[in-house]
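Peer 1: Read top to bottom, the protein sequences are chains A and B. Going by our numbering, the first residue of the first sequence is number 90, and it counts up by one from there. Going by our numbering, the first residue of the second sequence is number -4, and it counts up by one from there.
It cannot be assumed that every hint is accurate.
[Unchecked claim] Subject to a maximum C-alpha distance of 20 Å in a straight line, what follows is the list of computed SDA-like cross-link-like pairs (lysine to any residue):
hint, chain 1, residue 1, chain 2, residue 2
1, A, K236, B, K138
2, A, K428, A, N280
3, A, K171, B, M243
4, A, K155, B, T336
5, B, K295, B, S416
6, A, K175, B, S520
7, B, K138, A, R142
8, A, K336, B, M243
9, A, K171, B, S416
10, A, K377, A, K171
11, A, K171, B, R523
12, A, K428, A, A278
13, A, K205, A, P402
14, A, K155, A, A373
15, A, K336, B, R523
These are computed hints drawn from the structure, not numbers from a lab.
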Amino acid sequence: MQKYAKPATVRARTPSALFALVAVMTGAGGAFTPSAGAAEVNIYSSRHYDADRQLYALFTAETGIKINLLQGKSNALVERLKREGKYSPADLLITVDAGNLGRAQAAGLFQAVRSKVLEAAIPARFRESGGHWFGLTMRARVIMYHKDRVKPSELSTYEALADTKWKGRILVRSSNNIYNQSLVASLIAANGFDKTEAWARRLVANMARRPRGGDRDQIRAVGAGEGDIAIANTYYLGRLLASHSAKDRELTAKIGVFFPNQKGRGTHVNVSGAGVTKYARNKAGAIKLLEFLVGPQAQKVFAEANFEYPVNPKAGRSAIVGSWGPFKADSLNVAVLSKHNAEAVRLMDRAGWR
Amino acid sequence: MSADTLVSRKPAGRGARLRWLDGWSVFTIGVAALVSVPVLVVLSHFFIPAGDVWRHLAETVLTRYIVNSLWLMIGVGTGTLVIGVATAWLVTMCRFRGRPTFEWALLLPMAVPAYVIAYTYTGLFEFAGPVQGYLRDSFALAKGDYWFPEIRSIGGAIAMMTLVLYPYVYLLSRIAFLEQSVSVLEVSRTLGCNPWRSFFSVALPLARPGIAAGVALALMETLNDFGTVQYFAVDNFTTGIFRTWFGMGEPEAATQLAATLMIFIFALVLIERLSRGRGRVRHTTSRYRALPSYQLTGAKSAAATTACFLPIFLGFLLPGAVLLDWTVETADRMIDARFFTYAANSFSLAAIASLLAVAIALAMVYGLRLSQQNKVMVFAARVASMGYAVPGAVIAVGVLLPFAWFDTVLNDWLQAVFDVSPGLVFSGTIFAVIFAYLVRFLAISLNTVEASLDKVTTSMDDASRTLGRKPGNTLLSVHLPMIYGSLLTAGILVFVDVMKELPATLFLRPFNFDTLAVRTYQLASDERLADASSAALAIVLVGVVPVVVLSIAIARSRPGHGKG
């Protein structure tokens, strides 16, 4: 009985298939070599914006120092850095949110750096006092509203979002997100734990839908009418307004920006920032890159291409960002945010903020 | 009879107990030990006390994780079972319009990663999307005026995963149906069964191991999924593990969650095996001829055509069309030199991993065969398959821990002796990524190769050995040509899975090394769905090629096929 099909033809085909695979393998061999040259800076970064790549290219052109980049989720990068220990190739950890920076610092991943350039360019509340990390850009977490359905006079503070008049109208993303964790941490710092928990419960009751999606998603949903106000970071609106997609531009055309708590402590702001790793092999190169990133040229790219607020007060804002006007920022040192992070996460769990 | 022939050649007595311990078995056990390291590293956390975080989890989120995970399993299990078995039976046993096309096209959704189909459906059906927008504009509706199924919900997650995972059930039940002997079916018909009854009481029980294996694969993929549930905001065990580990900074509690999940999956597999128990069905006859088929006409034929077309339309054509539309819209910005680097990276990783996975599986299964299913060896093979049940992210951490440790020790030693430190040799390179793939996907190639090699009667081995060939030579010249098709199948399955793999790649990859899956995920999590489409479409297209090859191999695989 001839159960199996023609081995002769099959065998003839095998070597060529194997050959092709071997060729592919050798082609990928280049990726096996980790690089650690003096003229290179290795970055672990959770910033995933195209503007950053543009800046690294500029830096390389200016200094001849090559940049090797590994992008990932902040927590995963921190975990990896932690596990890699003293032979980790990373020189610099760039991440968003002071909560993440504080966590990395608490894990002992950064080293103290002194640099006159950095200290002159960055206001003290946007960097860690010991020089473990430095803010690169500032972002404001604001209330965005639909101009047809909400008057700015109805808005005042984050605290007032607990009012029942907002029932079924508020859009905000999940508590898994560090931006929300830091916002709640800032409320804990201002109002204490118990008051903040009560606030969070009432906010959850006012949500237009179960939290899902990111900040852009909340903004689009306001535009489409799924809710009336959203809590979101400003640069997301900037990017939607300047989007390649006509639909995004259309959805966001009627969105207004409201800076809360202007009569009190100011609007909650946060940073994206970076620290030189404890076991950096190219510490000098890493510091040089940091200094470049807070310089006027780079700060302009952050502002123009990504609609963030420059951390360097000397740098200007993009036209879109400028159109939202000046505002008073919470003067809380952003390093405090990570101190309340664990509390904030548990508080939101208990309040049912998914 | 064949199993005894090999034994009788060996000397009896004390040495006989360890006579299976040769190069093949050492290799099998060695690989099993190596591959199980990450899993064991994770499991070892089970005994480290995690403090009061458990109480917090139990009071707040744990119930939600468990309930959602169970619903997902029930939903996807039922969905894939019904769609997979029904379409496999129709295509194998019935004649109707479009059947030859459906035969392979039903596999197409397999090429679509669950997170990609989730992105496309969200883009289409969310509140701010075109479908609801069109409805609101046409009928002047506002929020709350109408009901529309919420795509980003647990129901949506079940639908998405069912649509792309049913091919596993289809694939394995079709193979089972193809392997059945016509005689048995004919006997059942002679004894008075109608086609439906003979399906339920004869064909289905005979195909049960295959069907169960397919559903088990689908369920493991379900529990492993991170991208979809994360995007749909469905909190389950997998997202819970992430949140506890990374969000709350509690690795112990997180690994304990992971370990709980693993034990649950192992229990599931065990129950299935036990329930087969003694009532194991075997094909008792090897009489094969072309399968008969029920010619369907009129309404029945139309119904069958619809039943087969719908899963393909919803699971492949619709998301494919959306991706294509978005790709056309964004191509000039998104398809650049970097895009082709991502594609090359994806392709080389998948090629290396699948080649290794198949080669290792072949050697292991053959070692198992030479040892005549020695208990230690069987155990080793099972251990090597464990990784498939573990979420990719957990494996990633399990890989990083021992590798980083080994790198540190190596560097310390080199520094002390030679005053050089080469940096991270294993943990920061592709080596770690490929290793993680092997841990995760070796089960696929092992099972496929094992199933196929088992069908080759051992008298072949005996004959070859009697004629003076050594075991290795026998494998190459006797077995390899016979099971070539299955090796290809195994390789293709691993290849497609690696192309889609996300968490381990994301966590372990070296500098300046992104893949299509990583790029898709990054853009999508930045809520740039349209920008992510070109990379996603490339994953799907690369996945389609092997799917087509696979279905041809299966169609040819029926015993007696090509006899004429």
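Peer 1: Run every hint past the structure and note whether it holds.
Peer 2: Do the hints match the structure? See the list:
no.: 1; hint: A:K236 <-> B:K138; result: holds (17 Å)
no.: 2; hint: A:K428 <-> A:N280; result: holds (15 Å)
no.: 3; hint: A:K171 <-> B:M243; result: holds (16 Å)
no.: 4; hint: A:K155 <-> B:T336; result: holds (19 Å)
no.: 5; hint: B:K295 <-> B:S416; result: violated (72 Å)
no.: 6; hint: A:K175 <-> B:S520; result: violated (31 Å)
no.: 7; hint: B:K138 <-> A:R142; result: violated (40 Å)
no.: 8; hint: A:K336 <-> B:M243; result: violated (37 Å)
no.: 9; hint: A:K171 <-> B:S416; result: holds (19 Å)
no.: 10; hint: A:K377 <-> A:K171; result: violated (24 Å)
no.: 11; hint: A:K171 <-> B:R523; result: violated (31 Å)
no.: 12; hint: A:K428 <-> A:A278; result: holds (9 Å)
no.: 13; hint: A:K205 <-> A:P402; result: holds (16 Å)
no.: 14; hint: A:K155 <-> A:A373; result: holds (13 Å)
no.: 15; hint: A:K336 <-> B:R523; result: holds (13 Å)
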